[in-house]
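Participant: So the chains spell out like this:
4 protein chains.
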Amino acid sequence: MSVLLEFSMTPIGKGEGVSKYVSRSIDIISKSGLEYRANPMGTVIEGDWDEAFAVVKKCFQRMQKDCNRISTNVKIDYRKGAKHRITGKIESVEKRLGRKVKK
Amino acid sequence: MSVLLEFSMTPIGKGEGVSKYVSRSIDIISKSGLEYRANPMGTVIEGDWDEAFAVVKKCFQRMQKDCNRISTNVKIDYRKGAKHRITGKIESVEKRLGRKVKK
Amino acid sequence: MSVLLEFSMTPIGKGEGVSKYVSRSIDIISKSGLEYRANPMGTVIEGDWDEAFAVVKKCFQRMQKDCNRISTNVKIDYRKGAKHRITGKIESVEKRLGRKVKK
Amino acid sequence: MSVLLEFSMTPIGKGEGVSKYVSRSIDIISKSGLEYRANPMGTVIEGDWDEAFAVVKKCFQRMQKDCNRISTNVKIDYRKGAKHRITGKIESVEKRLGRKVKK
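Chains as they are written, first to last, in the working numbering: chain A, 2 to 104; chain B, 2 to 104; chain C, 2 to 104; chain D, 2 to 104.
It is worth saying that the hints were derived from the structure and are not from the lab. Worth double-checking, as some hints may not be accurate.
Copies of the same chain look alike in the list, so a pair counts if it works inside one copy or between any two.
Below, in silico cross-link-like pairs of lysine to aspartate or glutamate (EDC-like), each with a Cα-Cα straight-line distance of 20 Å or less [said to hold, decoys possible]:
no.: 1; residue 1: Lys21; residue 2: Glu92
no.: 2; residue 1: Lys32; residue 2: Asp51
no.: 3; residue 1: Lys101; residue 2: Glu17
no.: 4; residue 1: Lys81; residue 2: Glu95
no.: 5; residue 1: Lys58; residue 2: Asp28
no.: 6; residue 1: Lys21; residue 2: Glu52
no.: 7; residue 1: Lys96; residue 2: Asp49
no.: 8; residue 1: Lys103; residue 2: Asp67
no.: 9; residue 1: Lys21; residue 2: Asp49
no.: 10; residue 1: Lys66; residue 2: Glu17
no.: 11; residue 1: Lys59; residue 2: Glu36
no.: 12; residue 1: Lys96; residue 2: Asp28
no.: 13; residue 1: Lys32; residue 2: Glu95
no.: 14; residue 1: Lys101; residue 2: Asp28
no.: 15; residue 1: Lys84; residue 2: Asp49
no.: 16; residue 1: Lys103; residue 2: Glu52
no.: 17; residue 1: Lys21; residue 2: Glu95
no.: 18; residue 1: Lys104; residue 2: Glu36
no.: 19; residue 1: Lys84; residue 2: Glu95
no.: 20; residue 1: Lys15; residue 2: Glu52
no.: 21; residue 1: Lys103; residue 2: Asp28
no.: 22; residue 1: Lys101; residue 2: Asp67
no.: 23; residue 1: Lys84; residue 2: Glu52
no.: 24; residue 1: Lys15; residue 2: Asp49
no.: 25; residue 1: Lys103; residue 2: Glu17
no.: 26; residue 1: Lys96; residue 2: Glu52
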């Protein structure tokens, strides 16, 4: 059951700048083998439910090593039988609009 | 690693009213053995990361049986060593305010 | 256009414990005149779109006074013509299940 | 007070495919004059709190015309004095990792 999953994970109490911690998550994601796209508010990955959540958990366990409080948001979009939605959903919007949008 | 996890899970394309599907999730949650609190926008559960996500997955798999598109939101709050936060967080706010709040 | 709106607002970089800041938000909400319910992961309010977002903005402006980075999540559920959903949605689930759930 | 705001808005009860409705939102956003980036799970915009929420409301009011139930998620990241974060946050991650990431 392939899903699109977007998540963001932020340490609370490690200062205002958190890119050090976010970079480690994106490093884990980019090496996971799953398709992903980073955006300014989170990262979208596509894969099986278990595969996708294994990546989220791996990022969490890495952050847990030096962060005592962590806030995480996960949004999942499942559509039966659909694939390649990480690019397909925006392409479908562009087709309707008859023009490219900023990505 | 105990976490507070709030989630909501909604079928897309099964009509405007979805309480039939939400009820099944809350039935699963209430029988999971984990502490939970239902609110008008989701359900909060407290437990280990794996236990909590196992409940989310169980709800998802039940919904998948008759729903082709499902939208899910999960928010996780982890704080090292903290327990009984499902009641403790609001109690802490009430203590600060010196009065009860509506729950 | 009445909506159900759940939100949480957290300062980033003010330490691990944030109940001081959350308490101020719940104080503002409870004095807003709108129906609300606090839960361990956020607060649900019911009201017109503009009224509800005015409360969110007021909490934000208060937090901005002494917090340089703020993370906010807002979830809105709109259903045409529906009212008293802050209690009605869970009642509808309880009716289907034939029993009370923990709130 | 400039913010980064990501949102997604989905009609409930208009079938499984919702790109018709999402396209109208992205059309409104792209004509708003605010910087934006569409991703497979939502759209990120950057602007003043009031400007950004005015765009969200405009999308909502358009959807309301023919959708009786609407689910909306909004995530806001505010950082005092910070600008151009719609590109800057990922650039900061790339700088740390010493390589480009998929966007």
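Participant: Between the shortest in-copy and the shortest cross-copy C-alpha distance, which are at most 20 Å for lysine 96 and aspartate 28: within, between, both, or neither?
Facilitator: Close across copies (12 Å), not inside one copy (33 Å); limit 20 Å.
Participant: For lysine 21 vs glutamate 95, is the C-alpha pair at or below 20 Å within one copy, between two copies, both, or neither?
Facilitator: This pair counts as between: shortest inter-copy Cα distance 11 Å, intra-copy 35 Å.
Participant: Measure nothing new, just compare the shortest in-copy and cross-copy C-alpha distances for lysine 15 and aspartate 49 to 20 Å and report within, between, both or neither.
Facilitator: neither (32 Å within a copy, 23 Å between copies)
Participant: Taking 20 Å as the upper bound on the Cα-Cα distance, should lysine 103 and glutamate 52 be classified as within, between, both, or neither?
Facilitator: between (29 Å within a copy, 19 Å between copies)
Participant: 20 Å Cα cut-off: does lysine 21 pair with glutamate 92 within a copy, between copies, both or neither?
Facilitator: between (33 Å within a copy, 12 Å between copies)
Participant: Since the copies are identical, ignore which copy is meant and state whether lysine 66 and glutamate 17 lie within 20 Å (CA to CA) inside a copy, between copies, both or neither.
Facilitator: Both, since 19 Å and 15 Å are each at most 20 Å.
Participant: When no copy is specified for lysine 32 and glutamate 95, does a C-alpha distance of 20 Å or less occur within a copy, between copies, both, or neither?
Facilitator: between (29 Å within a copy, 14 Å between copies)
Participant: Quick one: lysine 84 to glutamate 95, C-alpha cut-off 20 Å, is that within a copy, between copies, both, or neither?
Facilitator: within (18 Å within a copy, 28 Å between copies)
Participant: At most 20 Å between alpha carbons: which applies to lysine 104 and glutamate 36, within, between, both or neither?
Facilitator: both (16 Å within a copy, 11 Å between copies)
Participant: Treating 20 Å as the Cα threshold, decide for lysine 96 and aspartate 49: within, between, both or neither.
Facilitator: Neither, since 27 Å and 30 Å both go past 20 Å.
Participant: I want to check one pair: lysine 103 and glutamate 17. Are their C-alpha atoms no more than 20 Å apart within a copy, between two copies, both, or neither?
Facilitator: neither (28 Å within a copy, 25 Å between copies)
Participant: When no copy is named, should lysine 103 and aspartate 28 be tagged within, between, both, or neither for a Cα gap of at most 20 Å?
Facilitator: The answer is between: 11 Å across copies meets 20 Å, while 24 Å in one copy does not.
Violated hints for the displayed structure, listed by number in ascending order: 3, 4, 6, 7, 8, 9, 20, 22, 24, 25, 26.
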